[in-house]
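*Asks:* As a plain string of letters, each chain reads:
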Amino acid sequence: MIEILAKYNYWIVIILLCTGLYGIMAKQNLIKKIIALNVFQTSVLLFYVSMSKIEGGTAPILLNHGHGVQPLFDNPLPQVLMLTAIVVGISTTAVALSIVMLIYRQYGTIEEDQILELNKHND
Amino acid sequence: MIKHLPALLIVIPLLVAIITPLIGRINRALSWYTATITTFISFVISLSLLKTVLEQGRISYWMSGWEPPWGIEYAIDYLNIFVLIIISFMAFVGAIYSKKNIDIEIDEEKKPFFYSVYLLFVTGIMGMTVTGDIFNIYVFLEITSLSSYALIALGKKRQALLAGFNYLIMGSIGATFFLLGIGYLYLMTGTLNIADLAVRLPEFYHTKAIFTAFTFLAVGLLMKLAVFPLHFWMPNAYAFAPSTISAVMAATGTKVAAYVLIRVMFTVFSLEFYAQAPFNIQYILLVLAVAAILAGSIMALAQTDIKKMLAYSSVGQIGYILLGITLMNTNGMIGSLIHLLNHALMKGTLFLVVGAVVYRTGLTSIENFRGLGKKMPFTMAAFTIAALSMTGVPLTVGFVSKWYLSVASIEIGMWWLVPIILLSSLLTAIYFWRIIDNVWFKPALGEEGLEHGHDNHRKPKSNDAPASMLIPTFTVAMLCLVFGVFAYGPVSLAEKAAMILLK
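Protein chains in written order, with this note's numbering: chain A, 16 to 138; chain B, 202 to 704.
Okay, chain A solo, but in the shape it has when bound (with noise of 0.2 Å):
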């Protein structure tokens, strides 16, 4: 049981994962659905972070040009990927606020179910 609890990080980013699939799927207002796919997104970012973590370990940097002694690292690699994850989750959000902009500027809504209505009548 402790040893279930104590990998507490895993369990959050399963739930973030959850939370916002759920919210993609289920939002129809497409700034939530937005907000949802950033919270999907985040789970993984905490995946990645949380793997490369050691106990004990510290930030990767060489002390005294490596001559002594060194203390225990982090794998700095997934933060490393996940600097360029974090890039990405930004360009999809500003790409899908640009086309929820210019989905108001069309509809006058960004309501899903009404967008669709829409849709319907004038087709």
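No lab work stands behind these hints, which were simulated from the structure alone. Idealized CB from N, CA, C, for every residue including glycine. Just to be clear, a hint being listed does not mean it is correct.
Said to hold, decoys possible - The calculated DSS-like cross-link candidates involving lysine-lysine, where the alpha carbons are at most 27 Å apart (straight line), are:
id	chain 1	residue 1	chain 2	residue 2
1	A	47	B	409
2	A	68	B	409
3	B	358	A	135
4	B	358	A	42
5	B	357	A	135
Claimed, not checked - Sample of chain A residues lacking proximity to chain B, with all beta carbon distances greater than 10 Å (derived):
id	residue
6	19
7	41
8	48
9	63
10	68
11	71
12	74
13	75
14	83
15	85
16	89
17	91
18	111
19	134
For chain A, the structure is supplied; the task is to place chain B on it using the hints.
*Replies:* Same frame as chain A, now just chain B:
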């Protein structure tokens, strides 16, 4: 210089994409020349890489000289180069074709940005194809996806915006699943290089983590590939995007996703993994493929808009590609790879023809195709060739891949797949016949009286598409015939690729 070609393939379009809006400030018309020349250079580089691969085998290029698995490796073998040639050619054709198409489908001041995003899209698809690093694939996948959301949303009708937005949501979910899958692989093996993963992974095949990794990777890619139950983003995206983009995306976007699926399934993972997985992965994918083949064709029958019909037909054709992959034998893989080429050529032609029809008439309903055979004879000839090829008539490319798929199904004792392939071909013939009948045998709307009442000298005037649209369309249509008759070239390349994958 020659040594650095794999990097230049990506770097040139990427840099030109950034400077295209600046060039567009000087003169908007220049942006078309920039895009066309850049995609042409990429195509030439791909051809020269093909020559190198055929002579020397696998190319391994180390980004900034860092030795793999520490640095990023660009690895090109028979499989990549096969896909690379297809997509760079179609990107080039799309660029030429776009000139007139964009005139009517996109606002004048947006043109330079259109070409900038187009080149980013090309960068992304080529990057996904040549890179030998799985995280790099994710990055290029996102570059491709982000640019395609923007390109789809550029469509003239306002529905294009919602289509783009829905694709954004689905595409991001798919890409995030893919990223999670990579995370599990890295957690277990500590490497991201595909060749290195292939070496280190087998000892972990029995673990749950690796099975989870496979599931996430596969679901993410199937979403990008628009396999049947996950295809919902595709019909609207293709229907409302500008015609050039429908053609280029249908011919390259899904093909690259299929390539990555093959790479993950047979290079990162291997046949041993499927033998010891807790579920029968082959059967699950086979059911999806058969469902896609049948459902795609049946839904295509119900459409009245030609772009939507072609999109649903793509769902069915993607089913064929997946079918070949899941049969997991050499002939199946050849069939799948050849179908990748075929579908790029056939669907490319069909969407290009639709673009030409939109240019002349502005409409996309099937009804509107009546009598077009007399007005646009060459364009419609190209359409007919591609439609015959989709059906799988001998001497066209469509026949070659269906032949290999049928042979492969019989080889592993799944003979019941052959009637399914035949049935789907029959359905394809039916939904294309509706259009061909309209095109060649029915008079245009409002001209029925003229046909019968008056004498023959009042022929409808031929008003074919402009040369910059007609020549690319016709070239691709001719390739459908050329590779149908001289199938040896692509088949031998696909065979070499299949041998390596299924070793």
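*Asks:* Check each numbered hint against the structure and report the violated ones by number, ascending.
*Replies:* 1, 8, 9, 18 and 19
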